[in-house]
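Protein chains in written order, with this note's numbering: chain Y, 1 to 112; chain C, 113 to 225.
Hints should not be assumed to be uniformly reliable.
Covered stretches of chain C, as calculated for chain Y (at least 3 residues, CB under 8 Å) [claimed, not checked]: (1) 121 to 135; (2) 157 to 170; (3) 216 to 222.
Worth flagging that the hints you see were computed from the coordinates, not collected in a lab.
Here a beta-carbon is modelled for each residue, glycine too, at the ideal position from N, C-alpha and C.
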Amino acid sequence: TQLLEQSPQFLSIQEGENLTVYCNSSSVFSSLQWYRQEPGEGPVLLVTVVTGGEVKKLKRLTFQFGDARKDSSLHITAAQPGDTGLYLCAGDNAGNNRKLIWGLGTSLAVNP
Amino acid sequence: ETGVTQSPTHLIKTRGQQVTLRCSSQSGHNTVSWYQQALGQGPQFIFQYYREEENGRGNFPPRFSGLQFPNYSSELNVNALELDDSALYLCASSLGPPGNEQFFGPGTRLTVL
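Just need the whole structure built from these sequences, with the hints factored in.
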């Protein structure tokens with residue numbers, strides 16, 4: 001069974017701090033997607049990483065895909081209250097029964 | 113371009129009843145996935161439809177069933193509701209083979225009493 005483990009599960013920080021969220025698996029994924037979900041809404045895609053070792057930046061968010069395409073990280077610099085939400089990673093298994101494998105999420109609270 | 117819509121927004125049922133949730137895909141999308149999400153957790157994959165055929169199923173019992181119609185809209189049916197079925201049910205559509213970027217609807221909040 002393919003699994004994606006996210007850590008930490010919960011994170012509460014002060015505005016201006018930096019943080020990193022990890023997404024790890026023993027399986028290889030053809031690509032990995034990061035989503036952010038706010039209360040009462042569905043997840044919204046932030047970025048897709050495809051190449052091993054790839055780094056993508058989205059303003060204060062930096063996404064990295066591991067060289068072996070088994071893990072990924074999301075780093076937020078100078079977090080703001082607007083960053084509060086549930087961050088989810090999802091890997092494309094690209095197998096015969098192709099689907100997204102989802103992590104359980106990291107719930108981030110940024111306090112002013 | 114119309115986004116993914118779901119109906120109803122909220123629903124309250126009692127144990128043992130049946131429920132049908134509906135999803136309209138984003139225009140042009142031919143893949144629909146359904147997820148169950150407990151509060152504060154990530155989505156749990158229920159099943160996926162690609163071009164009107166089931167294309168994968170998660171670890172959910174047969175009382176969870178679905179349909180995808182020729183216009184690519186979809187239904188999720190749950191029979192013999194249990195208390196643990198209370199959750200947010202999310203529908204996501206995508207274009208082309210499953211695994212591509214998914215666009216989510218706002219979800220249906222189901223409460224089973």
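Here is what the structure says about each hint:
1. 121 to 135: Coverage by chain Y is violated for the stretch 121 to 135 of chain C (0 residues, Cβ < 8 Å).
2. 157 to 170: holds (count 4)
3. 216 to 222: holds (count 4)
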